[in-house]
Each structure stands twice: as structure tokens, then as C-alpha cells.
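Chains as they are written, first to last, in full-length UniProt numbering: chain U, 1 to 415; chain B, 1 to 289.
Treat each hint with caution, since some may be false.
Below, a list of computed lysine-lysine pairs in the DSBU-like style, where the Cα atoms sit at most 30 Å apart [said to hold, decoys possible]: (1) U:Lys199 / U:Lys40; (2) U:Lys136 / U:Lys40; (3) U:Lys97 / U:Lys137; (4) B:Lys111 / U:Lys382; (5) U:Lys136 / U:Lys382; (6) U:Lys97 / B:Lys111.
Covered, in the sense of this in silico footprint (three residues per stretch, anywhere, with C-beta under 8 Å from a C-beta of chain U), are these stretches of chain B [unchecked claim]: (7) 148 to 162; (8) 218 to 229.
Note that these hints are calculated values from the structure, not bench results. Where is the CB? At the ideal position from N, CA and C, for every residue including glycine.
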Amino acid sequence: MTTTRSGLVTVTGFAASALMLAGCAGGPPPAPESDLSNDKVVIGLLNDQSGVYKDLSGPNSKVAIEMAIEDYLAEYGDQAVVTEDQIEIVMADTQNKPDVANTQAQQMYDRSNADVILDVPASSAALAVAEVANQKKKLHINISAATTELTGAACNPYTFHWAYNTQMLAKGAAGVVEDGGETWSLVYPDYAFGQDMVKSFTAAVEDAGGTVNEAIATPFPNDNFSTFITRAASTDPDVIGTMAAGGDLINFVKQFNQSGVRDQAQLAVGLMFITDIHSLGVDEFSGTTFTDAWYWNYDEQNREFADRFLDLTDTRPSFAHAANYSAAYQYLDAIQRAGTDDADAIIEELEGLKVDDVFLRNGEIRAGDHSVVHDSYVAKVKDAADVEEDWDYEEITATIPAEDAFPDVNPNCSM
Amino acid sequence: MDAFLQYTVQGLAAGGFYALAALGLAVIFGALGVVNFAHGSFYMLGAVASAVLLDVLGIQFWAALVIVPILMFIFGIIIELLLVQWLLKLDILYNFLLTFGLSLVLVDLVKRQYGVSGLPYELPAGLGGLLQIGSVEVPSYQLFVFLFALAVCLVVWFVLSKTRVGMIVRAATEEPERARALGINVSAWVTPVFGFGVALAGLAGVLAAPFRAITATMGTNFIIILFAIVVIGGLGSVLGAVVAGFLVGLVEAYGQGYAGTFSQVLIFVLMAVVIAVRPAGLFGRKEAV
Numbered sequence: 001m002t003t004t005r006s007g008l009v010t011v012t013g014f015a016a017s018a019l020m021l022a023g024c025a026g027g028p029p030p031a032p033e034s035d036l037s038n039d040k041v042v043i044g045l046l047n048d049q050s051g052v053y054k055d056l057s058g059p060n061s062k063v064a065i066e067m068a069i070e071d072y073l074a075e076y077g078d079q080a081v082v083t084e085d086q087i088e089i090v091m092a093d094t095q096n097k098p099d100v101a102n103t104q105a106q107q108m109y110d111r112s113n114a115d116v117i118l119d120v121p122a123s124s125a126a127l128a129v130a131e132v133a134n135q136k137k138k139l140h141i142n143i144s145a146a147t148t149e150l151t152g153a154a155c156n157p158y159t160f161h162w163a164y165n166t167q168m169l170a171k172g173a174a175g176v177v178e179d180g181g182e183t184w185s186l187v188y189p190d191y192a193f194g195q196d197m198v199k200s201f202t203a204a205v206e207d208a209g210g211t212v213n214e215a216i217a218t219p220f221p222n223d224n225f226s227t228f229i230t231r232a233a234s235t236d237p238d239v240i241g242t243m244a245a246g247g248d249l250i251n252f253v254k255q256f257n258q259s260g261v262r263d264q265a266q267l268a269v270g271l272m273f274i275t276d277i278h279s280l281g282v283d284e285f286s287g288t289t290f291t292d293a294w295y296w297n298y299d300e301q302n303r304e305f306a307d308r309f310l311d312l313t314d315t316r317p318s319f320a321h322a323a324n325y326s327a328a329y330q331y332l333d334a335i336q337r338a339g340t341d342d343a344d345a346i347i348e349e350l351e352g353l354k355v356d357d358v359f360l361r362n363g364e365i366r367a368g369d370h371s372v373v374h375d376s377y378v379a380k381v382k383d384a385a386d387v388e389e390d391w392d393y394e395e396i397t398a399t400i401p402a403e404d405a406f407p408d409v410n411p412n413c414s415m
Numbered sequence: 001m002d003a004f005l006q007y008t009v010q011g012l013a014a015g016g017f018y019a020l021a022a023l024g025l026a027v028i029f030g031a032l033g034v035v036n037f038a039h040g041s042f043y044m045l046g047a048v049a050s051a052v053l054l055d056v057l058g059i060q061f062w063a064a065l066v067i068v069p070i071l072m073f074i075f076g077i078i079i080e081l082l083l084v085q086w087l088l089k090l091d092i093l094y095n096f097l098l099t100f101g102l103s104l105v106l107v108d109l110v111k112r113q114y115g116v117s118g119l120p121y122e123l124p125a126g127l128g129g130l131l132q133i134g135s136v137e138v139p140s141y142q143l144f145v146f147l148f149a150l151a152v153c154l155v156v157w158f159v160l161s162k163t164r165v166g167m168i169v170r171a172a173t174e175e176p177e178r179a180r181a182l183g184i185n186v187s188a189w190v191t192p193v194f195g196f197g198v199a200l201a202g203l204a205g206v207l208a209a210p211f212r213a214i215t216a217t218m219g220t221n222f223i224i225i226l227f228a229i230v231v232i233g234g235l236g237s238v239l240g241a242v243v244a245g246f247l248v249g250l251v252e253a254y255g256q257g258y259a260g261t262f263s264q265v266l267i268f269v270l271m272a273v274v275i276a277v278r279p280a281g282l283f284g285r286k287e288a289v
């Protein structure tokens, strides 16, 4: 290949003018200055890696966080405050035990230099981690725990509650009451979560004009609910609401379906993840209503996210996966704006922030109690005949606007 | 009254699971002197095996009722030959620890392979409906579980008490020393008896599959109640295990009906009372303690 003289002149000319133009514009903007502790951002993922909550969040939440990092880097390109090499994810198992969660959180903050800990299912474990975060003055963004305590009596400046809580879960009950399910019997496991749920559901049903005939406490864990179901049906309610979760929920639903009560009363489930429907089969749950924080097949944006997730994990995302993605992305975005990963600076960026992303619709990070408010959904499990593809289990029957789903700043919270 | 009748049927159905599994536990304890902590895991394996057979090979419930116990019998024999028999001569604690460890391994292997959310299982055709008995509606499946478990217990009882094989096993189970003294080769019966006990746990697992959550940890609480049953019935007593199994099922159902969260406590209250009044258990003999 030969280069002609005239060609060389042209090239040099272009280069010179390009340089001059660049000179006028002040050159390519330098990467913004950043002030990162240990010169990196460490995201800790602390959740159930081996027990009952493994499938609904677990190791696949790491994939969700990696997607968030990828999207952050793609969004800001060479303007990103944090480069790819500066982001690290560390992961550990709480076994859903508060003492283990406490130790793991301390290790993550101290030894792994985690700047934020995400997820932490099981309310008791979550409360333990929130306490550690407050002591260490490092961030904790809780995704998978349900208790309102996190944004109530146990609230602190370093803890955010991103996805849902027991109060929001009860909001779906109002829709059921309006559809004619006026009288309820509740069956709940007799520990903090169950008691909290019963309070929230009773309030929601009564606010909507319904009545709760009785609330029946059951042991936890428990594998035989037949007699409790018979008792719940004895007052002839329109709706039987179960607050059982995980394996207990599957026990309850199997036995409910065989009991003949299914023909007399509708089933409402307090807390259900799409992974529960997947494991038991859509037939067993069809017709059941529940409140969902997010559904993968709700709209095009969610679906796009879910397709990417499917390629990486072979399963569809639960709302916890989407919320982990959202929290990680918004966290990195806050670092981008603040130019630092200093916890107090990030809190300042996050408080009061209005957000719309794949998980948070009409979202706002409420400054008063650090509850992240966003639109939620009343979901009904489809009949098997209406399921068009794997994981296509839910029909969203109503949207609960953010301000209804998470109504007021928790009065028990003082930062 | 209707509610009471319903609770009774529910209690007898729950008792069916307990009786079958406890029978296996009692036979193993009697013949080998092994406190088989892995029994809950064998029950879990029975349920998981039926779910996997249905999912992979399309084998339905009725066939699983036969196939799974056979598989579990073979599995039990392998476990006995590979592990359990080597510790029989040592203190009873060694096999207790072995089976405890074994149960942890089995639970984690199942978790690893099939996850933690549980496996789906369909109710067998023809057992999904309700039966009207007098003024009470009873789920057909519960009634089936009760009758089937009762029938299996009766067959086992018949075989054990009326046949020569049964008499040898029973002698080896309940009076191993005297049986040896009479020239019965007790050791030869030990391996198949262990397999048989494991098969019974597996059978209880098959029965549980349509009715309970099929998860790796489904046997973890179950085994605690089984131990209570065996203690109530009398250690090593075959009849005691069956009677106590149904009794505990009833206590649990009435407890759930009338005492709520105390239902599980009641089982252990019953155990404490039985130990206080009859230390050897309802059907146990003093020397077995």
C-alpha cells in the first residue's frame, strides 16, 4: 500500500484542524476527580446463600448487582467516577440468623472494607445488620426483609429500606375487600413477622370496610395446617389470609387446596415471591391474590431487564433481584454525583431523591424514615391455561400508587 | 361436634405419617440398637424421589408407592453395609453421630441438586375430592393416608407376628441376646431389617409428597417428633410405635383445634407424662430402657 503525497497533506491538515478545534473546546474533559475510600468501592451482598430464602434472592442477586455495575459504567463511560477495576462485590451467607448476620456485617465493613451492605432477608437478621451499620457509620440498604421496624423504632441515618414492608403488603387486601371479600380469617405464624403482618392486615381490611373474624396463631415452622384451616373456615369468611412464608406457605397451600375450603373461601397470601409459585406450580396457587413490589412481565422495561437476567441465570428475576439491581445502581449513581463514597455524602445525595428506574416507579427515597416509596401492585395468580410461557404466572389487577403503598413517615422513627 | 370429627380425621391422617415412619425407626432401634437420626432425611428422600420420578420419568403416585420403598430399601442396605455395620460393636453414640452426620450430608446434597424452594407434586387422580361422612366433609386424600398407613401397619404386624421370618426378626428386634442364645443368626437379619426400616420412612415420604412441601429440610422437624413417638410408645416396641404414632397425630390435631400454638408443645408434654408414669413407654418393657 502506498500513501500519496496529497493524501498525507490532507490527513495532516485534518489532524491539525482537529487539534485546533479541540484546543478551542479545552480538550476532552478529564475524568472527574474522585475521592474513594481505599481507592475502591466495595459492595457487600449479605443474604441467604443456602436456606429458604436462597432462591428468591441469594446468589442471583450478585448477578443483578453486576448488571447494575455494567449499566452504570455504560451510562457514564470515561466520565465515571468509579472505574470497572475499582468496583468489587463481596458476598456472605447470614443463614438467616441474627448473630451470624451481625458477625458477617462487621467483617464486611471492617475486613473487606465494604462501603455498603445490600439485601439481608429475615427481619431479625436485617435489624442486626442495621445496628452494625449505624455503629460503623457505613451504609446498609435493605431489600428482602419485611419488618417496618427498619424504618420505625430501629431506624437510623445509615439504613435505607428499598423494596417493601409489611404495611405495603397489606395494602393489596383493600382491593380484595372492594371486590367483595369482606370478611376475613387470618392464619399466621406466631413470631415477630407474623404478628406484624396480622396487625397490618387487620388495619388494611378494616380501613377498607371489611372485618377480620379471627386471627389464628400457628407454631413456626409447621408442616401440618389441616386443623388450622378447618378452624379458619369455621366462621365462614369470604377470604382466608395466610401469613406463612417459604416452606410453610407451600404446606399451607397444598393442604388448603385439598381441604374443600377452597370452594368456600378465597385465598390471600401475605407475602409471596414468584419463586414460590414456580416451585409449587401455578395450579396450586391459581386465583390467589397478593401484593407484589415488582413483576418481571409488567411492561416492556421490566421485560427487557428480565430477558437480560434470564440469559445470565436461566431464571426470571424476583422483585428482590430487581430491587438489588436498583439499589446498587442508585448507590453508584449517588457516588457519581457526590464524587466520593463517603457514607454521609451519599446519604445527602439519596435523601429526598426522586427516582424512576426499572424497579422504582414514582419512587422517592423518603428523608424522614429512609423508606423508599414506590408504586406497588395487586397481583392475581393466573390459571394454568392462561400461562403463555415459563414464569408467566401473574396478572397485575391494580397498581397501588406510591403514596398509598407507603403512606406516612413512620412515627416511631427518629434519626 | 362436626369440628371435633374433622379434627379426628385430620389427626389420624397426620398419625399415619408418624406411625409408618416411627415403625421403621423402632424396628431399626430394636434390631440394631441404632438411634437412627437420619430417619427424617430418609423420609425426605422418599418425598423427593417421588417428585423426581414424576418429573423425569412421569411415574405417577400409585407406582411411586411401590417403587420408592424398593429404592429406599436398596439405599438402606447400601448405607448399612457401607457405614452403619462398622460401628455396631461400639457405643450407641457412634452410630447416632454417624446418622446425624449422614442426615446433614443428605439434606445438603438435596439442596445442592434441587434448590431450597421445594419441588412440585400433583395430587394423584381420584384422590382430590371430598368425601361426605355423616355431617362432615373429609378430604379423600387424608382418609386414604389414614387407611393406607393403617393397612401397612397391619400387614407389617401380621408378617412380624404370624410368619417364621417375622418371628425371627421380632425376636432379634425385641430380645436380641436371647435370640442369639437360641441359635438364631441375628446378624444376618440386621442388614435387611435396616433396609426395611428405611423403606418405611421412604413410604411415609411418598404419602407426604402430595400433601406437604417437598423440601430438603422437611425431615428436620419430623425426626424430633418421631423420637418423641418412639419414646412414648416404648423404645424398640413395634406396636408401641404405631399406637403412639396415631396418638401423637390426634394430640397434634386436637391441640391445633383447641390450643393453637401449643399444639407442638402438647406432644412433648405427653412424652414427659408418659416417661414420668411409665418410664419404659406405653408398650416398652423395663429391661429395654
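Each hint tested on the structure:
The hinted pair formed by lysine 199 of chain U and lysine 40 of chain U fails the criterion: a straight-line CA distance of about 44 Å is larger than 30 Å. Distance check on the hinted pair: lysine 136 of chain U and lysine 40 of chain U sit about 18 Å apart at the alpha-carbon level, within 30 Å; holds. Using a Cα cut-off of 30 Å, the hinted pair lysine 97 of chain U and lysine 137 of chain U holds, with the two alpha carbons roughly 22 Å apart. Between lysine 111 of chain B and lysine 382 of chain U, the direct Cα distance comes to roughly 28 Å. Compliance with the 30 Å bound is thereby established for this hinted pair.
Taken as a hint, the lysine 136 of chain U and lysine 382 of chain U pair is broken in the structure, with Cα atoms around 46 Å apart against an allowance of 30 Å. Of the pairs offered as hints, the one joining lysine 97 of chain U and lysine 111 of chain B holds, with about 19 Å between alpha carbons and a cut-off of 30 Å not exceeded. With 0 residues having a beta carbon nearer than 8 Å to a beta carbon of chain U, the stretch 148 to 162 of chain B misses the requirement of three or more and the stated coverage is violated. Given as covered by chain U, the stretch 218 to 229 of chain B passes the check, having 3 residues with a CB less than 8 Å from a CB of that chain where 3 are the minimum.
In summary, the numbered hints that this structure violates are 1, 5 and 7.
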